[in-house]
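> Next come the chains, spelled out residue by residue.
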Amino acid sequence: MAKDYIRFSWKNIRQRGLRSWLTIIGIVIGISAIISLITIGQGVENAIEEQFEKLGVRNLRIIPANLQGPPSAIFTLPNDMIDKTESIRVVEYVDKVITETGILEFNNEEKSMNVIGYDVSLADKGFADIDVRAEDGRLFEKSDNGVMLIGNTVAKEKFDKEIRARNNIILEDEKFKVIGVFAETGTELDSRIYIPLENARDMFDRPDDINAMIVHVKEGIDIEDAQEIIERELLRSYDDEDFDILTPAQILEMIKDILGAVQAVLAGIATISLLVGAIGIMNAMFTSVLERTREIGVMKAIGAKNSDIAFIFLAEAGIMGSVGGLFGIVIGTSLAFTVELVADALGFPYIKIEIGFIIIIVTLIFSFIVGALSGVIPAMQAAKLKPVDALRYE
Amino acid sequence: MAKNSVIRLNNVWKIYQMGEVQVEALKGLSFEVASGEFVAIEGPSGSGKSTAMNMVGALDYPTKGIVYLDGHDITKLSESQLATIRGRKIGFVFQQFNLLSNLSAMENVALPMMFQGISQIKRKERSKKLLESVSLGERLSHKPSELSGGQQQRVAIARALANDPEVVLADEPTGNIDSKTGRDIINLLRELNKKGKTIIMITHDHNLAKVADRIELLKDGIIIKQKRSKK
Ligand SMILES: Nc1ncnc2c1ncn2[C@@H]1O[C@H](COP(=O)(O)OP(=O)(O)O)[C@@H](O)[C@H]1O
Ligand SMILES: [Mg+2]
Chain W
1 MAKDYIRFSW KNIRQRGLRS WLTIIGIVIG ISAIISLITI GQGVENAIEE QFEKLGVRNL
61 RIIPANLQGP PSAIFTLPND MIDKTESIRV VEYVDKVITE TGILEFNNEE KSMNVIGYDV
121 SLADKGFADI DVRAEDGRLF EKSDNGVMLI GNTVAKEKFD KEIRARNNII LEDEKFKVIG
181 VFAETGTELD SRIYIPLENA RDMFDRPDDI NAMIVHVKEG IDIEDAQEII ERELLRSYDD
241 EDFDILTPAQ ILEMIKDILG AVQAVLAGIA TISLLVGAIG IMNAMFTSVL ERTREIGVMK
301 AIGAKNSDIA FIFLAEAGIM GSVGGLFGIV IGTSLAFTVE LVADALGFPY IKIEIGFIII
361 IVTLIFSFIV GALSGVIPAM QAAKLKPVDA LRYE
Chain D
1 MAKNSVIRLN NVWKIYQMGE VQVEALKGLS FEVASGEFVA IEGPSGSGKS TAMNMVGALD
61 YPTKGIVYLD GHDITKLSES QLATIRGRKI GFVFQQFNLL SNLSAMENVA LPMMFQGISQ
121 IKRKERSKKL LESVSLGERL SHKPSELSGG QQQRVAIARA LANDPEVVLA DEPTGNIDSK
181 TGRDIINLLR ELNKKGKTII MITHDHNLAK VADRIELLKD GIIIKQKRSK K
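Chains W and D are the protein sequences, given in the same order.
Counting from 1, one number per residue, gives the positions in the first sequence under this note's numbering.
Counting from 1, one number per residue, gives the positions in the second sequence under this note's numbering.
Just so you know, the hints here were simulated from the structure itself, not pulled from any lab data.
Mixed in with the good hints, there may be bad ones.
In silico lysine-lysine, DSBU-like type, Cα no more than 35 Å apart, as pairs [what the hints assert, rightly or not]:
#, chain 1, residue 1, chain 2, residue 2
1, W, 156, W, 177
2, D, 27, W, 384
3, W, 3, D, 143
Label-pair ranges, simulated between beta-carbon atoms [said to hold, decoys possible]:
#, chain 1, residue 1, chain 2, residue 2, range
4, W, 394, D, 28, 51 to 61 Å
5, D, 145, W, 345, 47 to 57 Å
6, D, 73, W, 287, 36 to 46 Å
Even for Gly, the Cβ is constructed at its ideal location relative to N, Cα and C.
Excised from the complex, chain W in its bound form (with noise of 0.2 Å):
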């Protein structure tokens, strides 16, 4: 029976038309919201342990202290804290990186990149211990100058025409030749170029500075107890407000907190659209009570039940809501894919969207309720009106 009064309903729904749609807009953009909310949160954690697993565990990373994030070129680190670190025990070797961005001019298009000052003196240690290879050409060689590796992503997509090793290239107005392009490895490296640390350092005037060390940790010492001891060295020398040093657990954590930051206010915009979505439904089911007044009456004179003709209005409610999380579903999908490709594209592939069966079906129960609950009084003031009453109404 419930399937008799459901398609009666869905009858007026239809029958408003373009008011139905104005209904549910409010669910749609909450639905929208929560769904991308959540496929994108999720598919920022994914991708974000992945690269972790990637980068290794071994690794420490020294960085401008209150610094929240990756490294950047507003704080940085003086180059006597290099020395001091790679003098510490446990310590195996250190990267040492300059982050820039800079101007790279291929086959006369000009793109904006970041650019990593690479200490080329380690020649490919660094790379062989996070596993990355060249794909064409090679790495680093310890004399190497005036040379350039080159990310994946920014090798295939970035220039109309693919950049290939022994190819010459222009970045920030001098030349380079591109001696080899990496593997492909999901990470932010395919987006990035590198570029010898002393190049760097000319290029954009930064001689006794540099961004960040990653420290690498000799084999057999926790990587705690390693944080710990380089700690309580660089402090006999810098003030623990110059310096951080974090585990790849703390960083992954950092990076939780944002994504949870953001995370909190989206699901209040979230919320709030719900919140106007489910009065704009009440709003729509009163006015069409009202309007159907005399219907009701009808109704009820040729034997409809209270509780049949609450049961109309709620599985209206009801259906308007499904109907909006359904669009809401399609929509927050959609925006959570673009968010993904368009992230790709600006060379942060930190997103790796995927949907669930069970959060399609949740959500759509979830809207079912919030359309069912909006239209609860609506529809009790439906079932309430007296026969005569209603059927008086002009």
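Please build the complex by placing chain D with the ligands on the supplied structure of chain W, with the hints as guidance.
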């Protein structure tokens, strides 16, 4: 109470409270309708005809007095029990037709059956047959707005018959249609009566009332005269 009486009103009062003022719409109304009868309730505007119909049709509770419908005292029944009784025992025909505007003729006729839990296949089958019986077999999927007044009222009559009720209750059924088409509607009601349906028709028009077996003349909320028609 006579064995075969379907409806009996016993000293029924209906008093409406309009703010300070009390409106006594019915003042001790008593009458009885036997199964198979065609009764007209005739009276001028404001005499309480529609209020009487509300009592007879179990649409409302009396302020005082008892209303028996098919042996049940409706004052003792709950709203949902009344709804069920209305749905099964009474078919309403209204002056304004009161069809649902977004449903087709067939869907309108099928609606009372939906509230009785009859399956969709049976509803379709029966509503089609009923519309054919009122010569609207060609108009099954028309919306009310696509039908003339007389056609709409015939759809309403078909709808009134949907659950094969004991009684068809018609309140000014020709009030909104021209007199020639009105004749057809009255004839339709007479035919139904010949086939055994109890008909109660409310009208202010004596010429229409005359087609009934019996006329109850209503004035100021009370029956002032009862006439058997001479046929
Ligand atoms: N719901 C109501 N509230 C107040 N007064 C009403 C109501 N229904 C009917 N009345 C009054 O009761 C009297 C009888 O009305 P009604 O039964 O509609 O008469 P009729 O159908 O014969 O024209 C009228 O005076 C009318 O104004
Ligand atoms: Mg009237």
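> Against each hint, give a clear statement of whether it holds in the structure.
Okay, the hints, checked on the actual structure:
Of the pairs offered as hints, the one joining residue 156 of chain W and residue 177 of chain W holds, with about 17 Å between alpha carbons and a cut-off of 35 Å not exceeded. At roughly 27 Å between alpha-carbon atoms, residue 27 of chain D and residue 384 of chain W fall within 35 Å of each other, so this suggested pair holds. A hinted pair counts as satisfied when its Cα atoms are at most 35 Å apart, and residue 3 of chain W with residue 143 of chain D qualifies at roughly 23 Å. Between residue 394 of chain W and residue 28 of chain D the beta carbon distance is about 30 Å. The supplied range of 51 to 61 Å is therefore violated.
Separation of residue 145 of chain D from residue 345 of chain W is about 55 Å and conforms to the stated range, judged on CB atoms against 47 to 57 Å. Against the hinted window of 36 to 46 Å, the Cβ-Cβ separation of residue 73 of chain D and residue 287 of chain W comes to about 39 Å, which satisfies the hint.
Comparing the model with each earlier hint shows a violation of hint 4 alone; every other hint is respected.
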